[in-house]
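Undergrad: As a plain string of letters, each chain reads:
There are 2 protein chains.
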Amino acid sequence: MSRYGNRVARLRTLLEEQRLDALIVTSLTHLHYLTGFTGSNGLAVVTRNAVYFLTDSRYRAQAARQVRTAQRLFTHHPLLTGMAEHHCLSRCRRAGFESHVMTYQQYRLLRKSFPRKLFVPTSGFVEKLLLVKDDAELASMRKAMRISDQVYADLLTILRPGMRENEVAAEISYRQRRLGAEGDAFLPIVASGDRGALPHARASEKILRRGEMVTLDFGATVDGYHSDLTRTVALGHVTRRGREIYSVVLKAQLAALDAARAGMPARDLDAVARRIIVDAGYGDGFSHSLGHGLGLHIHERPRVSALSNDTLAAGSVITIEPGIYIPGWGGVRIEDDILLSATGNTVLTSAPKDLVVL
Amino acid sequence: MSRYGNRVARLRTLLEEQRLDALIVTSLTHLHYLTGFTGSNGLAVVTRNAVYFLTDSRYRAQAARQVRTAQRLFTHHPLLTGMAEHHCLSRCRRAGFESHVMTYQQYRLLRKSFPRKLFVPTSGFVEKLLLVKDDAELASMRKAMRISDQVYADLLTILRPGMRENEVAAEISYRQRRLGAEGDAFLPIVASGDRGALPHARASEKILRRGEMVTLDFGATVDGYHSDLTRTVALGHVTRRGREIYSVVLKAQLAALDAARAGMPARDLDAVARRIIVDAGYGDGFSHSLGHGLGLHIHERPRVSALSNDTLAAGSVITIEPGIYIPGWGGVRIEDDILLSATGNTVLTSAPKDLVVL
Chain W
653 MSRYGNRVAR LRTLLEEQRL DALIVTSLTH LHYLTGFTGS NGLAVVTRNA VYFLTDSRYR
713 AQAARQVRTA QRLFTHHPLL TGMAEHHCLS RCRRAGFESH VMTYQQYRLL RKSFPRKLFV
773 PTSGFVEKLL LVKDDAELAS MRKAMRISDQ VYADLLTILR PGMRENEVAA EISYRQRRLG
833 AEGDAFLPIV ASGDRGALPH ARASEKILRR GEMVTLDFGA TVDGYHSDLT RTVALGHVTR
893 RGREIYSVVL KAQLAALDAA RAGMPARDLD AVARRIIVDA GYGDGFSHSL GHGLGLHIHE
953 RPRVSALSND TLAAGSVITI EPGIYIPGWG GVRIEDDILL SATGNTVLTS APKDLVVL
Chain H
653 MSRYGNRVAR LRTLLEEQRL DALIVTSLTH LHYLTGFTGS NGLAVVTRNA VYFLTDSRYR
713 AQAARQVRTA QRLFTHHPLL TGMAEHHCLS RCRRAGFESH VMTYQQYRLL RKSFPRKLFV
773 PTSGFVEKLL LVKDDAELAS MRKAMRISDQ VYADLLTILR PGMRENEVAA EISYRQRRLG
833 AEGDAFLPIV ASGDRGALPH ARASEKILRR GEMVTLDFGA TVDGYHSDLT RTVALGHVTR
893 RGREIYSVVL KAQLAALDAA RAGMPARDLD AVARRIIVDA GYGDGFSHSL GHGLGLHIHE
953 RPRVSALSND TLAAGSVITI EPGIYIPGWG GVRIEDDILL SATGNTVLTS APKDLVVL
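Each protein sequence line maps, in turn, to chains W and H.
Counting in the numbering used here, the first sequence runs from 653 upward without gaps.
Counting in the numbering used here, the second sequence runs from 653 upward without gaps.
Hints are computed from structural coordinates only; laboratory data are not their basis.
Note that this is a predicted model, so its numbers are computed, not measured.
There could be a bad hint or two in this list.
Here are the simulated DSS-like cross-link-like pairs (lysine-lysine), alpha carbons at most 27 Å apart as the crow flies [what the hints assert, rightly or not]:
(1) W:Lys858 to W:Lys1005
(2) W:Lys795 to H:Lys858
(3) H:Lys1005 to H:Lys795
(4) H:Lys858 to W:Lys858
(5) H:Lys903 to H:Lys1005
(6) H:Lys795 to W:Lys764
(7) H:Lys764 to W:Lys769
(8) W:Lys764 to H:Lys764
(9) H:Lys858 to H:Lys764
Facing chain H, a subset of chain W residues (Cβ under 8 Å, in silico) [what the hints assert, rightly or not]:
(10) Ala713
(11) Arg717
(12) Arg763
(13) Gly814
(14) Ala822
(15) Leu850
(16) Ser957
C-beta: ideal position from N, C-alpha, C; glycine also.
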């Protein structure tokens, strides 16, 4: 069975469990996963025995090339109207839709286009399939991670005081693209000095200065799949405080890498790293969760946080990214991507982690 | 009155016309426009006499810096639940929400959080404000356009047969960033040879060859605002057919630039360019609309197409981008961004348009 056929078969099992005759897939990411289509306008209807793929006529050539395992349909109307035009739900009574993706306006249009059908809000169906990566997905992700690793190695040779954060970001994006990435997984984070205290700081006009630590958080996209890598380096020299905070974060990160395995409650993994940071007296500084699932989405299941109810599954790829943030001083974060198995995990990113002073 | 105060005042006029006591703004782009906030999680509630801004605690520092004209509120809950926690609708009976942005799931949560309120689906309220650019917006857009113009000039010195399309895309992104762009307005389109027949082709692994035409369509982002520039160049030599098609597209584009002015029905402007292409015998090859509004969104009102009911307004920025696409052969598109006024328009992009053979 083809990659896409296999995914659709797994989805149908979920539909049957929920007594749904069909799922209307409007997330473009999920459409990509289920059909191979990468355009910007399209939807799929997966019924018990058919897969309909709908787009507009701009995508005729691209759909013919990419979508081989679904019936390709075209419409000049909004896609949800096109579904009616092509009778995509003709044998369905209860159809699920992605209620966390479909807008209220689209929902009204759907209801208007099919006044007699029963529509059931769902969320997390395709996300459940995404939890376990197949070989093709892992190959794309490994490629993305190799690219980010290489770019980090390059950065160590070019980073220097006097550069602007957004110059560094431009180098990251450019080098990832040159190495074969389709683009950035997200806008690179380059946070130097006290800006390092903002976990989500985008690169700014700020100039890197001697004595600062710089957090670099970036990723590449390959075949729609992502890498996500963070390293923190020091410029010129590092203070005692910087060195201590770095060693606490690294210890927490290594402990989590050591502990992570399928079958474990995700919150227990968060606790492994958090305990070390709390015990070192920096608990208030670790203001986010330990990690997250990674794949076609930058953030996907499982949640790896103190509040998560997820259990880690074999075949999931997750990030392990503890950090300590001190307002007015700065921050340190170290992040790798790992593949979980029943006996442990494989660390997929390989950039070095000893504290570097540039 | 501040820039944001002014925008909120204009929005309130629209709310009053629709007898709404409030608008719940969940589009992050619109949130940026109304409050200045650029983070990835937030919403605003604009009532007749207050503006509430809600986000989570990660954005405490950023919100304090960016959001000066709204009451800043923070929540650990989903934002729509946080609205109830902070009593944002306490004096409102009829509240509008952005039904083309809010998901069905969010809508259910909103209803659950405020069981006694009346929620009215709206769309296009903030979009209506975006139609007319103020000076600050135009300054950002002009900066983005100067960056794209400069990068096109650079490309003319580096483009050569043997480069891959995605190498060219990497150069575009890098150079825009180095010139001060926050990032790309969209993934650059680099479509060479027969790929030029796909109006939305992303850059691929394909190698540029002598005798091909290459369509370059890219833009920069500055302060969240976009430029959008397309040029088509020839490599090595150009066929008679290529030269003819180029001259038809250029003639159509210049005619539209000549005709565009505020007060004109947008479809009449589309017709000016389309007539020239149809008369030259290439009508089937011009498979998209003439242009679109441009600003915080890459595509916004007005629609500039044969089916548009919009009338062009003074202060709108639109693209003028006719093209001809021939399956199996390739395509030509030429695009500028213009600012409309009552007497005509100002062309904001200035990259040269004579056919270049590199």
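Undergrad: Now look at each hint and say whether the structure bears it out.
TA: Evaluated hints:
1. W:Lys858 to W:Lys1005: Given that 27 Å is the threshold and the Cα spacing comes to 25 Å, the pair holds.
2. W:Lys795 to H:Lys858: The hint holds at about 19 Å.
3. H:Lys1005 to H:Lys795: Distance ~20 Å between lysine 1005 of chain H and lysine 795 of chain H Cα, so the pair holds.
4. H:Lys858 to W:Lys858: violated, 37 Å
5. H:Lys903 to H:Lys1005: Cα-Cα ~11 Å, so holds.
6. H:Lys795 to W:Lys764: Answer violated: lysine 795 of chain H to lysine 764 of chain W is near 44 Å, above 27 Å.
7. H:Lys764 to W:Lys769: Holds, at about 24 Å.
8. W:Lys764 to H:Lys764: Given pair lysine 764 of chain W, lysine 764 of chain H holds - Cα atoms ~24 Å apart, limit 27 Å.
9. H:Lys858 to H:Lys764: Between lysine 858 of chain H and lysine 764 of chain H the Cα gap is close to 52 Å, so the pair fails against 27 Å, i.e. violated.
10. Ala713: holds, 6 Å
11. Arg717: Hint violated; arginine 717 of chain W Cβ to chain H Cβ min 10 Å, cut 8 Å.
12. Arg763: violated, 11 Å
13. Gly814: violated, 15 Å
14. Ala822: Nearest chain H Cβ about 4 Å off; hint holds.
15. Leu850: holds, 6 Å
16. Ser957: violated, 13 Å
Comparing the model with each earlier hint shows violations of hints 4, 6, 9, 11, 12, 13, 16; every other hint is respected.
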